[in-house]
Structures are given as C-alpha cells and as structure tokens.
Amino acid sequence: MPQHTFTVNGEQVTVDAEDNVRLLWVLRDLLGITGPKYGCGINVCKACTSHINGKAFNPCAVPVSKIKPSDEITTIEGVADPDTGELHPMQQAWLERDVSQCGYCQPGQIMAAIAKVRKVKAEGREISDADLDEIRNICRCGTYSRIREAIKSAAEKM
Amino acid sequence: MAGEHPTPDASPQGMRRRRFLGYLLAAPTLAVAAQVGAGAANPGTASAVVPSLPGPADILDLGDALTLAAAPTANLITITIERDGTATFAVPRAEVGQGITTTVAMLIAEELDLPLDKVNVPLADARPELVFNQLTGGSNSVRSLYDPVRTAAAIARARLLATAAARWNVDVGALSVRAGVVIGPNGQQADYGSLTEAAASTSTEQVSAEPKPPGQFTLVGTPQSRIDALEAVTGKKQFTMDLRVPGAKPTMVCRPPTINGTVRAVHNAAEVEAMPGITDVTVISTGVAVRGETFGQCIDAVRALRVDWGPGTVDGESDETVLSKLKAATLPAAVPPLLTKSLDAEFVFDFSSNSALETNCAIADVRADRAEIWSGLKSPIVAQEQIAARLGLPVSAVKVHVVTGGGSFGRKLFSDAALEAAEISRKIGKPVKLMWHRADDSRHGRAHPMSVSRIRANYSAGNVVSFEHRHTSVETDFGHGLGEILTSVAARLPVGDVSFSQTVFLLSQSNPYHLGATTQTLNEVPLKFHTGSMRNVYSPNVVCARELVIDALAEKLGKDPVAFRRELLKEDRFRAVLDKLVEVGEWGRPMPEGTAQGVGFHLEYKSVSAVLVEIDCRPETVNREIRDAVTGPRVTKAVGVVDAGLPINPRGLEAQMIGCINDGIALALTSSLHVEDGLPLEASWDNYFYTRQWNTPPEMRVVVMPPTTGVPGGAGELGVASSLAAVASAYGRATATMPTRFPINHATLSFEPKPKVPPVPASPVDGLKYAQ
Chain A
1 MPQHTFTVNG EQVTVDAEDN VRLLWVLRDL LGITGPKYGC GINVCKACTS
51 HINGKAFNPC AVPVSKIKPS DEITTIEGVA DPDTGELHPM QQAWLERDVS
101 QCGYCQPGQI MAAIAKVRKV KAEGREISDA DLDEIRNICR CGTYSRIREA
151 IKSAAEKM
Chain B
1 MAGEHPTPDA SPQGMRRRRF LGYLLAAPTL AVAAQVGAGA ANPGTASAVV
51 PSLPGPADIL DLGDALTLAA APTANLITIT IERDGTATFA VPRAEVGQGI
101 TTTVAMLIAE ELDLPLDKVN VPLADARPEL VFNQLTGGSN SVRSLYDPVR
151 TAAAIARARL LATAAARWNV DVGALSVRAG VVIGPNGQQA DYGSLTEAAA
201 STSTEQVSAE PKPPGQFTLV GTPQSRIDAL EAVTGKKQFT MDLRVPGAKP
251 TMVCRPPTIN GTVRAVHNAA EVEAMPGITD VTVISTGVAV RGETFGQCID
301 AVRALRVDWG PGTVDGESDE TVLSKLKAAT LPAAVPPLLT KSLDAEFVFD
351 FSSNSALETN CAIADVRADR AEIWSGLKSP IVAQEQIAAR LGLPVSAVKV
401 HVVTGGGSFG RKLFSDAALE AAEISRKIGK PVKLMWHRAD DSRHGRAHPM
451 SVSRIRANYS AGNVVSFEHR HTSVETDFGH GLGEILTSVA ARLPVGDVSF
501 SQTVFLLSQS NPYHLGATTQ TLNEVPLKFH TGSMRNVYSP NVVCARELVI
551 DALAEKLGKD PVAFRRELLK EDRFRAVLDK LVEVGEWGRP MPEGTAQGVG
601 FHLEYKSVSA VLVEIDCRPE TVNREIRDAV TGPRVTKAVG VVDAGLPINP
651 RGLEAQMIGC INDGIALALT SSLHVEDGLP LEASWDNYFY TRQWNTPPEM
701 RVVVMPPTTG VPGGAGELGV ASSLAAVASA YGRATATMPT RFPINHATLS
751 FEPKPKVPPV PASPVDGLKY AQ
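One line per chain: the protein sequences are A and B, in this order.
Heads up: the first sequence at position 12 corresponds to 12 in full-length UniProt numbering, and the numbers run straight through without jumps.
Heads up: the second sequence at position 84 corresponds to 84 in full-length UniProt numbering, and the numbers run straight through without jumps.
The following block holds chain B by itself, in its conformation from the complex (with noise of 0.2 Å):
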C-alpha cells in the first residue's frame, strides 16, 4: 500500500512537504505511476476545531468518504513521458465542462516543470480494475487525483532529472528544468523526450517522491485558459454524437406518453420501416427504436408509429399529489418552543431538469461475442458492468469509451443512453448512434425531485437556541455506484445505520452557524420518477430554506441580515469570504423601491461560497415581454466569493462559479417541469426555462480568494446553493414577502404543453423566415 509518509523538514513557506510512494513501471519510455486515494483524504483537517458539537459532514464529508473508499481498493494511475517530449495521463474522469482536463494537465505541467501545451490528457476507458476510482461526482475529482498525479509526476521529474545527471556525469542538485529541458552545470541541454528511454524503468519496483509544496507552485494557483478552448470555438471538438464509427446509423426512440410505460403492440411496424431512409424498427424495454439514414427521418419515423402503450410506474402522479404526499412525510419539530420564541417554516421545491444542451446519446456497435460502446459517461465501469449483464458477456468482452461531454451537471451518472443503445444494437444486430430527442430528454431523462424543507428555529434573549431541518425529498436515484461506496464507508462513521441517500445527505449538509441544538434530517417518498443528482444534489434546496430562515430571524431580532450572520458564522476563514462580499458587492448600499440586495452562504467539499445579487421586481421590468420567453423579475447584478482551500486554476475556478450563479437564478425564479398525470408537460427550451442572456445579470463579478487550507476543496457545484439562496433573499426583500415555492413562477404555466403521442414535435420548415 501506498501511503503518506510526512517528513519532519518543513519547506520555506512553512507548508509541510510530505513524502509520497508511487511506482516507476517497466515500459519503453518513461512510466511512472501512483494510487488514486493514497493520502488524499483528510479527515478532520478543515473543521476539526469547531468549538459546538460537529455535524457528520464536518468531520467526513461526501468527497472524503469517496476518497477513503477508494483508497484500499485503489490501482494505479499512469503519466508516460513521450519521445516527443509531452507527458500524457489518461484521466479517469469524465471531462463534461467543469475543466477536470486543464486542472489535471496544470498539477502535471506545474511538477514537470513542463508547458502546459506539452501535457496531454485523453480520458480513460473503462477500467474495471479501478473499482470505485473512475466516478466522476461530489466535485471529489481534484480532490482525489491532486495528489496522485502531484507524485507521478514527481517521480518522472526525479527520474528525468537522475537521468540527465548520469549521462552528464554531474551531481542531480546542479541541474535545473526549464519548460521540459534538463539544464547542467555547463549549459548542456536535454530535452525531456530526449531522455525518456533512457529514464525507463525494466522492471517495475515501488520509489518514493516528495511533491512541490503548494508555496512554490508557479503555474498552479494561476489563471488559466482551457486546454480543449480552441478545439470548443473552431468545431473541432468531438461530441459522442459526432464520432464516426462505421456502421453506426442514425438511431432515435418512440417514448410512452407516462414515466416507465412499456409498449403492448406495435399497429404500423412494416409501414415505418419502408419510409424513406429508414433500416430498422424494433421494440425495447423502453420504447420503440428507429434507425435511419438522418436523424431527420428518424423523427419522422417515430412520430409515425402508432404503439398501444402499457402503464408506467407514476401514471396517476402529478405535482400536487406528490406535494401532498411530501408533506404527510415530514417529520414534525421535535423541539418544543417552552420559554423561547419560536420561528416556522415550509419551502417547496419543484421538479427541475438537469438537461444538458448534449442530450443523452451513446454508440453501440455489439456483436455476438463482444460489444464497444462510446458515451459520455461518469461511471463507466458500472455501465461497462450492468452492459455486460445484459448481453450476457464477460466485463472484459465490452469496451466502454468515455466520450467529452456537452454538459452533466450530474445527468451522466447514469448511463441511461449507454445501456439502450446496447440494446437496440444486439437486437437489430447492427451498430446504432442513438440520440434522445429534445422532447424525451426532458421528459423522460433524469430529474432532480421535488422536496419540501420544514425549519423551526427557536430564539431567546437575542440568540438562536435550537434549529430543526426537516428535509423531505421524492427518492433520488444513487443507482450508478455511488451507493455502494458509501455503504462501505457509511459503517465507519459515527451517524448510524442510514440509506445512502441519507449518508450523501448528511455527508454534504455542513452548516457554516452556530445556531444553537441543530438537526438536519432527510426523508424519503419512493415514488418511481427518473431522478437523479442534480449539480450540488440537495444543497441548493436545503441551503435556500436555511438562509431564508436566517434572513427571517434576523429580522425578529432586529438586526441586520450580513452581520447576523458574521456574528453565527463558525470560523474567521468564513467570516473572510463574507466580508470580501461585503465589499466587492456594496451591500447594503441604497436601492430604489422594488429592488433589493440578498445573500446566501454556502459551506461544501471544504470550500466556501458567498453570493450577493440584485434583483429588479418593478412592473416595468416584470412585464418586459420577449417571444416565446419568460422574462420576470431580472437579477441585474451577481457578486461570487469562493474560497476553494486552494484554488488550482482561478480562471476555470470563476467560470464555474459564473455557470452556478446561472443555475441559481434559474431555480429561483424560472426553471421546473411541471408533472402531470406521470408525466412532465416540458418538452424542450421553450418550456423549460433555463436562465437566458435576456435573464443573467448584466453585471457579474467572481471573487476567487487566495489559498486558505493548503489542499484544494470541491469548486464544480457549490455555488448553486448559495446562488439560489441570494436570488430568493433578495426577491423576498424586494417583494417585502418571503417566497415558500421555487421557482416562483411556477404556479404560472408559461407555455402550452406540447403533445404526449406523437412523443416528439415535428421540426420546423420556416427556419429560412428568422434568418437575421
């Protein structure tokens, strides 16, 4: 085993360098490798000194218990260092927007003293051996490969440098590298590719490496652009859907018009297949496949079918039975409001898409003794697994690639497209490109559910006393794996005998306040929707109800709502990020009546995040009206702090926290699918409102605070919560009424739903009449 062996020498900056073990490996250039999870988890470093009793999450949170769950069943991960002088790291992640590729390559570039032009990171297949380290999720990619690939990369550098200082009969401690050049005593030279077969190990034997400090760091911590950003704006960039496998033909499916229904007959099977461009029609679990010429004919193909459909499993389901039911499932407050006052509360939450613009599409090409599959996906090992099963082949006769994703935001955790175009493919035995429609990805694709969030808080003498979370949510899917990794870990920690949802629950729920007795609990409806992790999973909802309640009690006690919260805050390191957004975001400063200022603060993956917006709810802004749009109340201006322990790459950082202050106005104010009869009514953007330029916020500033904790929290997510925290504060102030349901516009159905059967719209034939 691999382990992390600190060394008593401190470096200059007084950061302790810590001494890592890895491996050189037998190959014929330079290989090095290191364990995913060796010594990357630390528990208890960021909140251990909380002076009140800590909540789970504060002493192991969701990303440590995915790093300690890899670590004793951890394999290797490889950097090779080229003849051309590059280094290359297949990434066992999914690349899905959130920048993990750059990320990765900066921690390679920065310990190789190396361009970063000169790094490759492709993403890794499937690879079974990793067991639980190939998940992409929990914003825990940085935080389980930071130091992994820091000690590769140091070994490689070592080796090189060693290399060098043989061939030049010279001393390792005379040689310096500048960008991939080994530099002697004497000037000589020697490129990094120059060595690398000489640096090759015959034999794989087990070496340690002692990784830069964070305090001599000169490419990490600095803004950075993405590795893939020209590849993103010449086209170049390859989506699933935009590989060419030969074979692979045009594929789409006819969907039920309830959740789950399942096809009795099919009227019209021989006539759709003899349409134009059309090769294949057969049925599914889930449906009806077409494959075809062009995607074109296959919509065609399946707005043609005509199929009697079976029941699904939420067929008499709609939003206000399943509100009904949420609420008959919260738990009452426990705490008694005797000799305190006493403040309740009741949120709702509705259903929300996490629909990525990439809908869900994967390739198939299965034969009779194996299968190849190429998706976007975030648990590949187990969509490699579950394929396997259901073709009845071996795990070893299926190659799954992982495949650039066009956006997650937790959608491809599930390897929902994956596992149908294995399907399709076996049963027309042909290779299919299976895409989802628009149409399906919103109704039938994965969902983050409704949940309703019940607070009391009890208050005396100007102190909060008590402070009870009641959360009550319709059960999300953990089916991709996750599940199984935090019921190894969930036996270790001091919370009990829980589900996994309520484990990923209380692992992620911190809360940054003192407020007294505090209890955070889930509790779960199993109702059978597609659900899912959304981006920052139950944050966002729980959080929103959270700061709304420290909005009110503010206000009972008669103070302001920032330094409220200053003074229930539970570390200076929070108190930082607050004030800075204090600052940069001008609060409290003068607003004309029906517009207002709000905050929300966020704690998660050991980092931090703040957020101030301002928020314009005047009638003539209101009522602004644009084609086929919501329009609403306009947050004007977005202020973000985050404070990510030690930020890798600020630049992606920003981009990051710009995208969640997106997310957040949209779950505030706009975006929900409304759920009818087992069924939602959205079927594409015209009907899920997703924040557009004609919503975000002409003005947007990210603060990105310089490194606090020495080690890097999660950044890809947090910001949701605290965004749509603020929005709710600040439409709440300006509306002088706190909102209860989100989005709040949702009560207003600002579209006409869009047929059941056919399942899919028919394009469009006027496109020439927008040109502009």
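This is chain A alone, in the form it adopts within the complex (with noise of 0.2 Å):
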C-alpha cells in the first residue's frame, strides 16, 4: 500500500492508505485525529475545515496522494500555542461569546474564522459583514450571529 509523508499538527507523520483516499479519512479513521468532523463530504458544509500550509480547506474533498511532503496540515487540534497551550485569540473569543451549541461544526468554524481573518487581514482591510456573509460554514444549531460576533472580536486580537 502506498505510503504519504506530511506533517499534521506540528508533528511529521508517515501513513498507509490508498491513494484516492480522501485526507478527511486518513485524519479521522487512520491517524485518529477526530477534531475535523464529517457533514457531507462533498465539500459543502464545511464542517472539517482544516489548514493546509495557513489556508482553509477540505479534506473531505483532497485525495491523500495530493499531500506533499512539505505540506502543513492543521487542525483544531493544532492552533492553540504548541510551547505554553494557550488558546488561539479566535477559540478565546468562542468561549467569550459561548458560540457553540452542539459543537459539532465549531471546530471547523474556527479554522475557517482563522483563514478568513488572516486572509482579510493580508488584503490591508477590517474584517466586514460582507466578508462574514462570505463564510460557508454551515451550523444547523444556528450560532450564525455569535459566530460573527467573534470573529469581530478576535479579529482585533489577531
């Protein structure tokens, strides 16, 4: 079977898994790393928003064999501050605001919050209710309005 080498969290993995077996998969079942969820693996819900070198994406939708060596993936697992623990400005403004109801898409929010802010931020401009509007992180609980509060929130401390 062949093997893919890359790193995920900080950390340098090597992992057998079929070539067209999407990340998602080799995330969840192989490597055990369950903080990116499943919604509708067609990358529509957003619900396993992760990073890949600092950008959001969607395993769900990235066969393994498209991951290169040097390829950073991050998931929830792995924003908070690697050395102290200390939690990423977007996951305290989550627990400032009390966003999350069920959870189940909040792992994917955030990493999607994070990118977004990042990306607005790059573009020299201040986080907008277009760009919030922009966001296809679906929440079936609903937390759209907290979501948003919080990334304004965050977005001053990124």
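Below are the EDC-like pairs computed for lysine to aspartate or glutamate, each with C-alpha atoms no more than 20 Å apart in a straight line:
no.	chain 1	residue 1	chain 2	residue 2
1	A	152	B	699
2	B	756	B	677
3	B	637	B	583
4	B	236	A	86
Hints listed in this document are in silico derivations from the structure and should not be mistaken for laboratory results.
Could you use the hints to bring the two separately framed chains together as a complex?
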C-alpha cells in the first residue's frame, strides 16, 4: 500500500493508505485526529475545515496522494500555542461569546474564521459584514450571530 | 411515594418554600437521590385564570403530561459527592446542543453552593427502570428535573452541614458554605470532599429537604457559559464517530432509490468485498451494508454496488399527490358566516428535514449473548428494548450508552442508526461504526411532514367572534415511545378519545388570544414516509397560519396588527412580552418600500416568545448571487423576546432563541424537501437550504424577561414558531401579498438533483483548488 508523509499539527507523520482515500478519512480513521468532522463529504458543509500551509481547505475533497511531504496540515487540535497551550485568540473569542451549542461544526467554523481573518488582514482591510456573509460553514444550531461577534472580536487580537 | 409538602412559612420574597422527600443512599461516599416527577407537575398554575373557556393545552400541556406520566413510575436519580469535593449527576437525558448539562449543573451548584466547574454531568446510560423518565423531548427536560435535582442537592447540602456540625460540635445554624467549603463559627473550614465519607449513609432512608426558594438564587438566573465550551473549541468534544471502540470499523449502507425500498438481489457482492479496504458486504433490512478500513472506502463500495431494488412504501408519491390527499382530508369549516363577515385562508407547508449536522450514526458490538451500543439517543430505553427484541436478547444483556449528539432537532428521538448498527453487527459478527452518508440522511432520514392549515375567522362589529383552525398533516411518527406515555395520560384528560398525534397536538397548541369560539383540530393522512417530530413539532406551521390570519383580520378591521394582538392577548404576562418587543424592535418605524417589519407571537411549554423581524425584499437584495447558494429576501434584523417563567441560564436561553430564529427564517424562506416518486430530491447541504451566513440577520437581539411564574417553562424550541410567523408576516407586508405556501421559494427548484443510483455522490478531488 502506498505510504504518505506530511506534517500534521507540527508533527511529521507517515501513513499507509490507498492514494485516492480523502485526507479527512486518513486523519479521522487512520490517524485518530477527530477534530475535523464529517457533515457531507462533498465540500459543501465545511465541517471538516482545516488548514494547509495556513489556508483553509476541506480534507473531505482532497485525495491523500495530493498532499506533499512539505505540506503542513493544521486541524483544530493544532491551533493553540504548542509551547504554552494558550488558546488561539479565535478560540478565546468563541469562549467569551459562548458560541457553541452542539459543537459539532465548531472546529470547522473556528478554522474557517482564522483563515478568513488572516486573508482580510493580508488585504489590509478590517473584517466586514460582507466578509462574514461569505463564510460557507453551516451551523444547524444556528449560532451564526455569535460566530460573527466572535470573529470581529478575535480579529482585533490577531 | 415522594411528594410535595408545602410548609406554611413563606420566604422573605413571598415565594412559597416547599418541602420535598428524597433519599439518603447506602454508599461509600455521600449519595443522595430523588424521584423524577415528584412535585414537578403544576397543572393549571400558569393559565388557570383565563376568563374564557380554556383549551386543553391551557389546563395541562404536553410538558405537564410527560411530567405526570413520569410520576407513578419514577425511579431515583442520584447525586454523589466525590472525595475530591466535586458533585456528579448522570443526567438521564441527551445533550444535543440544547445545554441541558449546563442547566442541570447550575441547579446543583446553586443548591450546594459549589462552583459550577465542580459539578460533573455525564449522560446516563439507558436505565430501563426509569421507564418514561429518560426521554428528551417536548422541551420538558428542565421542567421535569428542576425539583428532583434541587431536592437531591438540598439533601446532600444538609447532610454535609450536619456532618461538619457534629465534627466541630457546633450548631448547624452557625455554619455557612462558601464555594464548596463549610465554614464554622470559629473559622473552621472543611471542604465537601473531606466530609463526604463521614456524611455517607450506611442504609437507604427517606429524608426530606427544602430546596432554596427562587428568591435566594445567586447562580440560577445569571448568564453562564456552557460547561462543555472548552472541549468544543479545542476539538476534544467527542461525538459517537469520534469514539474508538476496539474492532469497530467504518460501516455504511447502500440505500434504495425510494423510501423503504428493499433489496431483491445484489449482483456484485464478492467484487465489492474485494475492493481496497473493504472487509464485509451484507444485505440487511434497509439495504446493503459495507464495512471497511475508512469511510472513504465505504463510500466507494456503496457506489460500486449493483442492486436490484424492490418497491418502497410511497413510490408513487410526489409533492403534488401528497398535497391533494391533504386537501381532500381537510375538514370544512363548520361555523357559517351568518350575520358576520368571514375570512378564509389556507396555507401549505412543505416537507422539511431536521438534518442535524452530525448524520445518523451509532457504534454496535453485538456478540452471541450480549450487545453494547453507543449513539446519541433521546429515547435510549426504547432503543434498548427494540434492539433486545430484534436480537433475541434479554434487555439486561443490551448495554446502551448515550453519547453527546451533534444536534438533533427531534431527529434523535428515533434510534434508526442504532437499530441498523445492531443488525449489521449481528449479521457479520463484528463490531461496526455505522455512519449515514449526508445523502442518506437527507433522503431516508426523518422529516417534518407536509401539512395544510385552513382557517375561518368570523368577525362582526370590530370583534372576532369565531376562529376555526383545521390542520391536516401527513402522519407524524411518534413510535419512539412518546405515544405510550400519552395514552396513559390521555384517558385522564378532558379531550376525549383521541390518537397519540391528536393528543400531542391538543396538548401543545395553546392559543394566546381571545378569538371568540375557538376550535383547533388535527387530521392526519396515513402515508408511510419517514417522519418525526421536528423542533417545535406542529407549532411552527400552526402558529404561522394563525399569525398571518391575525394580520389579515387587523387589516380588515383597520387596526394596527400589534395593537390588535395586544387587545386580544389573554394575559398581562403576554402583553408584557409584546410591549418589550415593540420597544426593542421599534415596531412601526418607517421602512423603505420593499422592506417591512413582521411580528410573531407564541405561547407553549408555559413559556412565551415573540419575534420581530425586518426583511428586505428589494430586487437588488433578492437577486444577489452567491455560488451554489439560495439568496432571496434577507432578514436584516431580528429581535426575540422570551419569557420562560423562571429562566435558569439566560445566556443559554438566548442561544436557543438565536437558533430558533435561524430555523424560522429557513422554514419561511428557503428550506424544504421536494418529494418526487417516493424520495426527496435533496441529497446534501447544497440542496437543502438551511439558513447560512448570507441569510442570517446581521443584526440580532434577544431579550430574556425577568422571572414571572417562579417555575421554569420549556425553552429549547418555542422560538421557532414565532420566528417563522414573523418572517412570513414581514414578507407578506414587504411584498403586499400574503404568502400561502412555505418556504416561499419551494416552487423553484434551486439545484440539479443528484442521482438516486448510486445513492451517494462521489467525494470531490479538487479541494485544494478552493484553499484560501
């Protein structure tokens, strides 16, 4: 079986998997990294949102063979400060606003939010309602307004 | 039997202090117990003073019925004080996002004067001895647990204090408690953990306790964050599919192209079993199960299967055939418009899906002589009994663990995945981790059935003199055990001999208005879709229809719609909620053409909610384009006001209202199932348009009213009805046409349906293209 090597949450991993197995299942079923959630498997609900080299992406729609040895994958488990364990400002903001209800989509929401703020800042802008309207992650509990408040608050600290 | 024993003395706040019975249990550390249901029912307290003839829900509503049904069979729920000073209570309910664990922890922390983070609230396994007392539904959890939990905690507190008093040889009255530490008159200190062994009882005995009256609460009633928030934001919160059970490998099911279709033959089972990673292929009652190393490989295997399918139960049915059956079954209005003017209206509500983000899933490990199940279950005892019956095992040999659920909205009242997982595990003789694909969840999962609501209101000389409401629905499945409870209760109700569904309907449909002679009836058409209760059950549709007619009546009578409601409302408590809504929502402020405000009002679970929204229906908004999305009218502002009687956690209640408002927006504008030839066309979130960030109101405000009744009402779902009604009303005003079919975009199919065979779509491979 083919072997695949890449970095997840700061650690290099090598895993045996068929080339076409989507990264989500390599993470969840083979590596036991369960922060990224399954909600649709077709890159629509965004519950599995993680980062590849700092950009938000959806591992349910990427065959593991497309991940290069130099690629750095970050899941919700890897966004807190690795040395101090201090939460990411986005996670802090989530706690301050008590955003989560069932919590199932929230790892993906937080990962999408972090990448969104980074992108907007790189463009030299403040986060706007129009930016927030573009976030595609579904929350079936309907926590959207607290998500919006948390992102705006975290953006000031990122 | 435990019971309520009012004592003559009243608290300084005038709240009646009540004494309850509970138990000290024989245990190594202090363990106390109370009966669920004891003293929890208060039939008649909230609405007994209405001057007109009360409806059944005014006398005894659904929550009271559940609570009463629990009382005679109730068994004990236990709080234990651990050696580390924490308190543990395994709650016999499901946490699915509604915040029940936080609420219960607050009640315990309050009574024990213990910091909130020192209360552990895991979910109890299925406990068959609790009979009716382990069902999560009807917004009844807090209502039924409020008194028993406080009673048990009060017994524990008294016992710990007595133990400290004896140790220090002082009077109990000289002791105080601060943050779980008992403090003596000479500054002595003892942490609960240091007292628990001495406080433990060697025999089980009945004792009584007086929980704090609400006037003395210091934690309950204050906004608190969820006790599981940190786990949620760090990815540590574990759902069923995150659990590692030895040998339980990913498993999925290839499902039929029509609801309840069956397998006639599988043409390539051996070929599929030889696919990479696949370990098993087997035919089950609901399709063909595959098990493998990863879910990705299971998806490939499901897609590769070639199956001959037999017919299902509703193969010939589509939206229009169902609708014509509903209309044919709708009872005509009975009150003729003699000497009065009459307003007739009819509304259609399409099928909608509760679609939790976590799809149906369960882990099962079935052996010859026993079985163990893990799943998010709101009626775990029913699941346990059904699984035992199907496997031919005694109930005691089936262990059912209730796992935190990733949303429910009614879906988890049914144990579809748990039953299926048990069947597969038995069949192949191995543990399985079963997950439904999203497409399965959309097409074969439970749905809120289509309904038709017909109303005739007669009015004369500025007054409404009669209001007849005939609601007709595809039958709702209450096969999860709620029916059993209600049958026993229904016989004692002044509603006569009615079906389970009619009982639920009659017990839940309170009408907050004086509308003259009022009748509300439910008629059901028996079609075998997969149906179930969806958040707020009948109320969203029934209340939306009623509120739109109230708007129409106001217009006929030349009155402001909010002033008209204010006139009609039966109680001051209701008017206070409406008045707050008018104030915070700025009802009546000038709005540009194509935009408008709307209000919805709802009374249920002894709670009241009112919602005001502003909607933008101007072409530049309606026609804005977003990839693979439904845009349409935008709710730009939403204000919710809720009176839950005695709010336990206002922050949690606000969260529930925010969710309810987004649900109401979806039901009014975008989310429905299109049934065609026996199957919904919707197969994922790019077809089923639940509210998204581009639909949600940028401005959202929720007001939680201060305590009114002194007892907690239901809170988890009541805002759905008022929100749907408010959005529908605003849309009607903005477009100058009363909408009559919901959601309003149902007639437009906004997506290309995915194939029915194979039943699940392939996973894309171009995900990196969208990295940003």
